[in-house]
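Student: Each chain is listed here by its residues.
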Amino acid sequence: MTSLSLDLTLPLDRFDLVVGWGSDATALGIFGPSGAGKTSLLEAIAGLRPEARGEIRVHGRTWLDSSRGICLPPERRGVGYVPQDGRLFPHRTVLGNVLAGRRRAERTSARRLSPDRVLDVLELTGREQADVGSLSGGERQRVALARALCSGPELLLLDEPLAGLDLPLRRRVMPYLIRVQREFSVPSLYVSHDATEVRLLAREAIVLDAGRVIARGLPDELLTATTVLPLAWAEGFENLLRGGVVDAGGGTAVVEIEPGLRFTVPGHGLQPGGLAAVALGADEIILAVEPPAGLSAQNILPGRVSGFRAPTPVGDSDNVPVLVVVSLGYRAAPVLVAITAQSRRRLALAPGSPVHLIFKVQSCRAVTVG
Amino acid sequence: MIASPLGPLLLSLKVALWATLLILPPGILLGLLVARRDFPGKSLVETVLTLPLVLPPTAVGYLLLRLLSRDALLGPEVLGFDLDLLLTWKGAVLASAIMSLPLVSRTARVAFEEVDPRLEAMARTLGLGPFRTFTAVTLPLARRGLLAAAVLGFSRALGEFGATIIVAGNIPGRTQTLALAIFSDMQVGRDPEALRLVAITVVLAFAAVWTVELLLRRRRPGPRAT
Numbered sequence: 001m002t003s004l005s006l007d008l009t010l011p012l013d014r015f016d017l018v019v020g021w022g023s024d025a026t027a028l029g030i031f032g033p034s035g036a037g038k039t040s041l042l043e044a045i046a047g048l049r050p051e052a053r054g055e056i057r058v059h060g061r062t063w064l065d066s067s068r069g070i071c072l073p074p075e076r077r078g079v080g081y082v083p084q085d086g087r088l089f090p091h092r093t094v095l096g097n098v099l100a101g102r103r104r105a106e107r108t109s110a111r112r113l114s115p116d117r118v119l120d121v122l123e124l125t126g127r128e129q130a131d132v133g134s135l136s137g138g139e140r141q142r143v144a145l146a147r148a149l150c151s152g153p154e155l156l157l158l159d160e161p162l163a164g165l166d167l168p169l170r171r172r173v174m175p176y177l178i179r180v181q182r183e184f185s186v187p188s189l190y191v192s193h194d195a196t197e198v199r200l201l202a203r204e205a206i207v208l209d210a211g212r213v214i215a216r217g218l219p220d221e222l223l224t225a226t227t228v229l230p231l232a233w234a235e236g237f238e239n240l241l242r243g244g245v246v247d248a249g250g251g252t253a254v255v256e257i258e259p260g261l262r263f264t265v266p267g268h269g270l271q272p273g274g275l276a277a278v279a280l281g282a283d284e285i286i287l288a289v290e291p292p293a294g295l296s297a298q299n300i301l302p303g304r305v306s307g308f309r310a311p312t313p314v315g316d317s318d319n320v321p322v323l324v325v326v327s328l329g330y331r332a333a334p335v336l337v338a339i340t341a342q343s344r345r346r347l348a349l350a351p352g353s354p355v356h357l358i359f360k361v362q363s364c365r366a367v368t369v370g
Numbered sequence: 001m002i003a004s005p006l007g008p009l010l011l012s013l014k015v016a017l018w019a020t021l022l023i024l025p026p027g028i029l030l031g032l033l034v035a036r037r038d039f040p041g042k043s044l045v046e047t048v049l050t051l052p053l054v055l056p057p058t059a060v061g062y063l064l065l066r067l068l069s070r071d072a073l074l075g076p077e078v079l080g081f082d083l084d085l086l087l088t089w090k091g092a093v094l095a096s097a098i099m100s101l102p103l104v105s106r107t108a109r110v111a112f113e114e115v116d117p118r119l120e121a122m123a124r125t126l127g128l129g130p131f132r133t134f135t136a137v138t139l140p141l142a143r144r145g146l147l148a149a150a151v152l153g154f155s156r157a158l159g160e161f162g163a164t165i166i167v168a169g170n171i172p173g174r175t176q177t178l179a180l181a182i183f184s185d186m187q188v189g190r191d192p193e194a195l196r197l198v199a200i201t202v203v204l205a206f207a208a209v210w211t212v213e214l215l216l217r218r219r220r221p222g223p224r225a226t
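Chains as they are written, first to last, in the numbering used here: chain D, 1 to 370; chain B, 1 to 226.
Source of the hints: derived by calculation from the structure; they are not laboratory data.
Hints may be right or wrong, so weigh each one.
If you want the ones that stay clear, here's a sample from chain B, every Cβ over 10 angstroms from chain D, calculated [stated by the list, open to error]:
# : residue
1 : L44
2 : T125
3 : G127
4 : L128
5 : V198
6 : E213
Among chain D residues calculated to face chain B with C-beta under 10 angstroms, some are [said to hold, decoys possible]:
#  : residue
7  : A46
8  : S67
9  : G69
10 : P73
11 : F89
12 : R107
13 : T125
14 : R212
Backbone N, C-alpha and C fix where the C-beta goes; we use that ideal spot for every residue, glycine too.
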């Protein structure tokens, strides 16, 4: 059964949001720059935009069908909405917030999660009676997530839940989101201007720009599509390398992306035997045409140039960025490396050129994904 | 002989309390309506609600008197029974309540406007209907402001003079409230009695206004880093 089917029009100040999308995947994502209409789309799905026209179907249930005059109010749609700012009820404790949607969960037998279990998975046990004003940013987002999960949602709507947090905190909260997906398998729609987050949390995604869907497909392939690359580049293009953790200890871990291709990453939270996803900025990597020696950087991976991409409109300047597509091994996804047009000429790079990728341990952001 | 101030004081408290109870539900509803809904004629409603604040109280009192007179809209000949408001303490309640309405509805309006509508929207997405959202989110978040509205309404009713004297008269022991008693004492030159009554009203007003200050100040916690 199609888990989500959208055919929506919503007039906004700057443009009309027009989205048509149907998907069977249970982990969906929307990537797009700020102001693309992402939050408005989520609000329309949640029923908070009565002016939205068209159709919304979730798991076979019709939430909106303007042609038949159907528009379910928000309380009858069954969404678990987690906005960027958490939006906790300030007059209630942590537990009071988490149980706010308990009645609906009890009415709908389908997706009833035990609050104890949710609090446990999100490591909020012991904080039940805390005043929400005393929570840290990361705790607030976890409480908002727990509240959404405990309301018996048919669809989780996650609107940039990490965007209000600083980078170290984002790294700490992301594993909770992955864990929630794994433990509770509630269908989710994850929205972010951070492509890496979408790739980590969605199995299928659309790219939204100025109210239109400009691409859809597998998140890993989507971002390098010609229409999407300039957007992904503007938001800071990151490679996402997936592999198994073969060793961990002393603050670092070793990740193997295929037999023989290993590199070292910061080790927090990684366990040997687990699966890791490693984000690595395209401009954090140095390319060398000779085998380098005597470097402080610990990671040197051999590869081969398979092509070039232009992330910005082509210009004459030597400083125009060029993305070099480098294939590693036999199965691993290609890695994009940002260099300047000048460097490309100087190194005489061409498809097939053997290269070495050099990057520091600290340039890698690793999260456990399984 | 110095008359005891206890009679007018108790009557004043009784009148103000009933007036507050009478005007609080419509005052809060009107505040909510103006804060949360757009409807045709909204500015007209707001203006009419404000009128008792700016009209001479005697004008409001006179209008009430005409409304309640024998053959008028709320008079016994039209209603078929006598509301028994003229020259009674209940008439004083009605007059004070009307005079309190602007303060109550305006304070309630501000209280509701300070509730973030996005929190109400959040409650709706969690499965709470409009009514449950109101009782579980809107009311608790507006409670200090609503309490302030009640205290302000009570204080206004306590000091009401002009409309009361026209509707309820100034009958010692029956409709003579503190404000009216001060007037009577002054008229016949009983200065010590008048001063004593004034002192009582000052204490009452001070306590009420201070309570409101505390309520409204505690409502705003220190700014949080977001």
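Student: Look at each hint and say if it fits the structure.
Tutor: We went through each hint and held it up to the structure:
no., hint, in the structure
1, L44, "26 angstroms, holds"
2, T125, "4 angstroms, violated"
3, G127, "3 angstroms, violated"
4, L128, "6 angstroms, violated"
5, V198, "41 angstroms, holds"
6, E213, "21 angstroms, holds"
7, A46, "5 angstroms, holds"
8, S67, "24 angstroms, violated"
9, G69, "20 angstroms, violated"
10, P73, "7 angstroms, holds"
11, F89, "6 angstroms, holds"
12, R107, "8 angstroms, holds"
13, T125, "21 angstroms, violated"
14, R212, "26 angstroms, violated"
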